[in-house]
Amino acid sequence: MRMSSFLKKDGIGYLFLSPWIVGMLAFTIVPVAASLYLSFTDYEMFDSPVWNGTYNYVQIFTNDKQFWESLRVTLTYVFLGVPLELAFALLIALMLNKGLSGLRLYRALYYVPSLFGGSVAVALLWRQLFGAEGMVNGFLAYFGIEGISWIATPETALYTIIIMKVWQFGSPMIIFLAGLQQIPNDLYEAASIDGAGKVSQFLRVTVPLLTPIIFFNLIMQIISAFQAFTPAYIVSGGTGGPLNSTLFYTLYLYQKGFISFQMGYASALAWILLIMISIFTAIAFLSSKKWVHYEK
Amino acid sequence: MNKLLKKSVFIGMSALLAASVSACSGTTAGSSEKAVSSGSAQEKVTIRFAWWGGQARQKLYDDMIADFEKKHPNIKVEQEFSDFDPYWQKLATQAAGGNAPDVLSMHLTRYMDYANRKQLLPLDDYIQSKAIDMSGFDSKIIDIGKVNAKTIMVSIGNSSKGFFFNSDLFKKYNIEPPKFDITWDEFSQKAAELKKAVNKDGFYFIDDQSGITDTFGYFLRQRGKDLYTNDGKLGFTKEDMTAYQQYWDQLRKAGLVPPAALTAEYKGKQQPESMLVKGVTASAFAAGNQMKIFQMYMKDPLDIVRLPSDPKGKPGEDIGGVFLSISSKSKHPKEAAEFINYWINDADGGKMFKDEMGIIQNKRISEIIQPLRVPADVKVADYQNKITPYVNVPVTPPAGNADISKLFSTASEAIAFGKKSIEQAVNEFFDESAKVLK
Numbered sequence: 003m004r005m006s007s008f009l010k011k012d013g014i015g016y017l018f019l020s021p022w023i024v025g026m027l028a029f030t031i032v033p034v035a036a037s038l039y040l041s042f043t044d045y046e047m048f049d050s051p052v053w054n055g056t057y058n059y060v061q062i063f064t065n066d067k068q069f070w071e072s073l074r075v076t077l078t079y080v081f082l083g084v085p086l087e088l089a090f091a092l093l094i095a096l097m098l099n100k101g102l103s104g105l106r107l108y109r110a111l112y113y114v115p116s117l118f119g120g121s122v123a124v125a126l127l128w129r130q131l132f133g134a135e136g137m138v139n140g141f142l143a144y145f146g147i148e149g150i151s152w153i154a155t156p157e158t159a160l161y162t163i164i165i166m167k168v169w170q171f172g173s174p175m176i177i178f179l180a181g182l183q184q185i186p187n188d189l190y191e192a193a194s195i196d197g198a199g200k201v202s203q204f205l206r207v208t209v210p211l212l213t214p215i216i217f218f219n220l221i222m223q224i225i226s227a228f229q230a231f232t233p234a235y236i237v238s239g240g241t242g243g244p245l246n247s248t249l250f251y252t253l254y255l256y257q258k259g260f261i262s263f264q265m266g267y268a269s270a271l272a273w274i275l276l277i278m279i280s281i282f283t284a285i286a287f288l289s290s291k292k293w294v295h296y297e298k
Numbered sequence: 056m057n058k059l060l061k062k063s064v065f066i067g068m069s070a071l072l073a074a075s076v077s078a079c080s081g082t083t084a085g086s087s088e089k090a091v092s093s094g095s096a097q098e099k100v101t102i103r104f105a106w107w108g109g110q111a112r113q114k115l116y117d118d119m120i121a122d123f124e125k126k127h128p129n130i131k132v133e134q135e136f137s138d139f140d141p142y143w144q145k146l147a148t149q150a151a152g153g154n155a156p157d158v159l160s161m162h163l164t165r166y167m168d169y170a171n172r173k174q175l176l177p178l179d180d181y182i183q184s185k186a187i188d189m190s191g192f193d194s195k196i197i198d199i200g201k202v203n204a205k206t207i208m209v210s211i212g213n214s215s216k217g218f219f220f221n222s223d224l225f226k227k228y229n230i231e232p233p234k235f236d237i238t239w240d241e242f243s244q245k246a247a248e249l250k251k252a253v254n255k256d257g258f259y260f261i262d263d264q265s266g267i268t269d270t271f272g273y274f275l276r277q278r279g280k281d282l283y284t285n286d287g288k289l290g291f292t293k294e295d296m297t298a299y300q301q302y303w304d305q306l307r308k309a310g311l312v313p314p315a316a317l318t319a320e321y322k323g324k325q326q327p328e329s330m331l332v333k334g335v336t337a338s339a340f341a342a343g344n345q346m347k348i349f350q351m352y353m354k355d356p357l358d359i360v361r362l363p364s365d366p367k368g369k370p371g372e373d374i375g376g377v378f379l380s381i382s383s384k385s386k387h388p389k390e391a392a393e394f395i396n397y398w399i400n401d402a403d404g405g406k407m408f409k410d411e412m413g414i415i416q417n418k419r420i421s422e423i424i425q426p427l428r429v430p431a432d433v434k435v436a437d438y439q440n441k442i443t444p445y446v447n448v449p450v451t452p453p454a455g456n457a458d459i460s461k462l463f464s465t466a467s468e469a470i471a472f473g474k475k476s477i478e479q480a481v482n483e484f485f486d487e488s489a490k491v492l493k
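Respectively, the protein sequence lines represent chains C and P.
Sequential numbering of the first sequence, starting at 3, is according to my numbering.
Sequential numbering of the second sequence, starting at 56, is according to my numbering.
Heads up, some of the hints might be wrong.
Subject to a maximum C-alpha distance of 30 Å in a straight line, what follows is the list of computed DSS-like cross-link-like pairs (lysine-lysine) [as the list claims (entries may be wrong)]:
{"#": "1", "chain 1": "C", "residue 1": "K67", "chain 2": "P", "residue 2": "K322"}
{"#": "2", "chain 1": "P", "residue 1": "K227", "chain 2": "P", "residue 2": "K347"}
{"#": "3", "chain 1": "P", "residue 1": "K409", "chain 2": "P", "residue 2": "K126"}
{"#": "4", "chain 1": "P", "residue 1": "K409", "chain 2": "C", "residue 2": "K67"}
{"#": "5", "chain 1": "C", "residue 1": "K67", "chain 2": "P", "residue 2": "K293"}
{"#": "6", "chain 1": "C", "residue 1": "K67", "chain 2": "P", "residue 2": "K324"}
{"#": "7", "chain 1": "P", "residue 1": "K493", "chain 2": "C", "residue 2": "K67"}
{"#": "8", "chain 1": "P", "residue 1": "K255", "chain 2": "P", "residue 2": "K293"}
{"#": "9", "chain 1": "C", "residue 1": "K67", "chain 2": "P", "residue 2": "K474"}
{"#": "10", "chain 1": "C", "residue 1": "K67", "chain 2": "P", "residue 2": "K475"}
It should be emphasised that the hints constitute simulated quantities derived from the structure, not laboratory data.
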């Protein structure tokens with residue numbers, strides 16, 4: 003009778019969950035497991051996969067220049083783009099938190115770029131802005147500076163994409179703003195009575211109380227930055243050029259899978275990406291004990 | 056079981072059932088639907104036809120398919136289409152899932168990926184029985200559609216690359232336009248002559264070809280070689296590649312082709328946004344069927360001659376084009392063959408289709424549509440006829456072709472940006488290629 007008591011207690015719940023469970027199994031768990039298996043095979047898309055052990059992984063780490071190039075591009079993007087974006091988002095949130103009139107309007111306006119997120123339209127716009135005859139150079143021309151084609155020069159192409167990332171600061175900004183409004187005003191009053199200036203109020207009151215929010219934003223942005231694909235794909239026309247300078251990791255993975263048809267190899271690349279993201283997330287979590295303060 | 060449980064099981068099950076039924080109804084409409092067509096007792100068959108292109112083409116294909124369905128009331132044709140790049144992504148995924156469309160459009164740069172992996176149905180029986188009638192085709196054109204002596208695709212239009220140039224520009228500056236047979240030396244002299252006459256910053260003779268494997272293929276065939284050997288190895292030596300890179304490097308340094316950054320900026324842009332249309336260059340190497348597209352966006356008339364060649368060498372011409380194939384997994388190969396036959400042999404269809412995908416190779420249909428051709432197509436059809444004797448049947452590229460093309464263009468970029476010497480870039484290209492072509 004144990005079975006029926008289980009059914010009585012939890013069965014109905016699982017029954018109602020079943021559409022979700024089925025979807026989760028069919029569209030997430032099974033494909034993820036399959037890709038793990040495929041990463042240990044030689045799978046050329048139309049042929050059946052052939053088991054080849056760790057060959058793909060060994061090749062990737064020992065015999066693949068483009069892997070290291072794409073890794074360098076993505077890490078630059080993450081470690082430059084994310085801190086800049088968060089700093090910018092915090093700065094704007096602080097300004098908006100001053101109780102400006104029309105706060106809601108500004109909040110909406112600043113959020114708009116994030117709505118376009120990784121959209122194709124924005125990437126196309128970027129291609130135009132930073133082109134040889136784009137608006138950026140048009141602006142520089144006022145000062146008599148002759149600009150280069152920023153998206154087509156290997157030294158600058160990646161940085162135009164990082165600027166795009168910083169520009170899309172809206173969603174961390176909204177979260178910062180919410181966090182700022184949670185900080186009780188009496189703390190600032192107490193601090194100012196104790197003689198703390200604006201800077202020291204910011205460093206000793208605002209930042210510590212905001213650390214859980216900073217932490218949350220950091221994790222979210224690191225994960226999404228590792229997975230960035232659209233900007234590079236559109237800005238470079240799918241090539242990762244010029245000279246592989248915008249060959250993002252995901253773009254390289256995509257090229258291996260859908261242009262070279264090496265699905266086994268691409269699956270291995272995907273798993274390496276997953277492990278990399280996990281490691282950086284874990285580092286952030288472990289370090290958080292040192293710098294994130296939760297109000298008791 | 057108590058009452059409540061029973062009831063909720065019932066509700067849950069019916070909800071699931073409803074969900075699965077509604078999910079199914081979406082797919083049954085899409086897959087082969089079997090209905091009895093009015094008037095005939097024949098089973099109605101649905102075939103799927105996949106192609107790439109935009110809205111203008113969709114309108115054309117709608118009309119042709121309506122005509123086909125009228126003439127073949129037992130067949131219904133469903134279209135699947137997208138732009139060129141997504142087309143191949145979708146097709147690859149479908150083929151891997153065993154769900155490729157019955158009739159699919161093929162391209163000379165891609166067919167080997169599918170043919171080598173047995174995704175395309177051999178059509179020889181249909182051709183023999185004239186179910187697909189190819190009697191109006193040049194045998195050379197039929198041969199291009201063969202892999203391992205089996206025909207796996209049928210041409211619906213071919214064109215070879217030509218050297219397009221803005222003929223008004225030559226007239227305006229009183230310079231004699233390029234001859235029909237121009238050598239590489241004459242080509243660079245002509246480039247210098249025009250550049251000097253125009254004397255304008257930011258004006259170049261032609262876009263940089265040093266990273267384009269297609270053009271390199273011409274150069275190699277003139278030397279009696281090719282990009283690949285028949286067994287899928289590189290068909291050229293370091294000396295060949297060095298000579299080719301040196302040629303373009305000289306033109307680049309002389310300001311006759313654009314600097315690296317400009318080339319990178321225009322990469323991947325379509326004809327309306329191309330250097331030729333924007334007046335950045337005076338000429339281009341492009342497939343003949345693109346002339347009318349260029350002309351749609353530029354006023355100055357273009358003329359077409361052969362790509363530069365080596366006076367002591369062999370002809371370098373190959374041919375590009377669009378083909379139709381039948382998936383080896385198709386459940387209705389007979390109907391698919393009827394559809395292909397309509398596309399290449401029906402006079403009404405031909406009058407609509409014209410040279411949409413390059414010059415029509417069925418001589419019978421080509422004569423019928425001659426009066427309907429636009430001036431650009433008349434020029435190109437004439438050009439294509441003139442060079443057909445020179446055309447080589449291209450070597451089937453190996454499966455790693457896409458990687459090799461990328462390595463080649465990266466090597467050229469490294470040279471153009473001054474990051475590597477020609478020698479370094481060529482050596483590196485050969486090292487990396489060896490990893491791809493095992």
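So, going through the hints one by one against the coordinates:
A hinted pair counts as satisfied when its Cα atoms are at most 30 Å apart, and C/K67 with P/K322 qualifies at roughly 23 Å. A distance of roughly 22 Å separates the Cα atoms of P/K227 and P/K347; the hinted pair therefore holds under the 30 Å criterion. For the proposed pair P/K409 and P/K126, the alpha carbon gap of about 19 Å is at most 30 Å, so the pair holds. A distance of roughly 47 Å separates the Cα atoms of P/K409 and C/K67; the hinted pair therefore is violated under the 30 Å criterion.
Restraint check for C/K67 and P/K293: satisfied, since their Cα atoms lie roughly 21 Å apart, inside the 30 Å limit. Among the hinted pairs, C/K67 with P/K324 is consistent with the structure: their alpha-carbon atoms are about 27 Å apart, no more than 30 Å. With a C-alpha separation of about 17 Å, the suggested pairing of P/K493 with C/K67 holds against the 30 Å cut-off. Simply put, P/K255 and P/K293 have alpha-carbon atoms about 36 Å apart, too far for the 30 Å limit, and the pair is violated.
A distance of roughly 16 Å separates the Cα atoms of C/K67 and P/K474; the hinted pair therefore holds under the 30 Å criterion. A threshold of 30 Å between alpha carbons decides the hint, and for C/K67 with P/K475 the separation of about 16 Å falls inside it, so the pair holds.
Comparing the model with each earlier hint shows violations of hints 4, 8; every other hint is respected.
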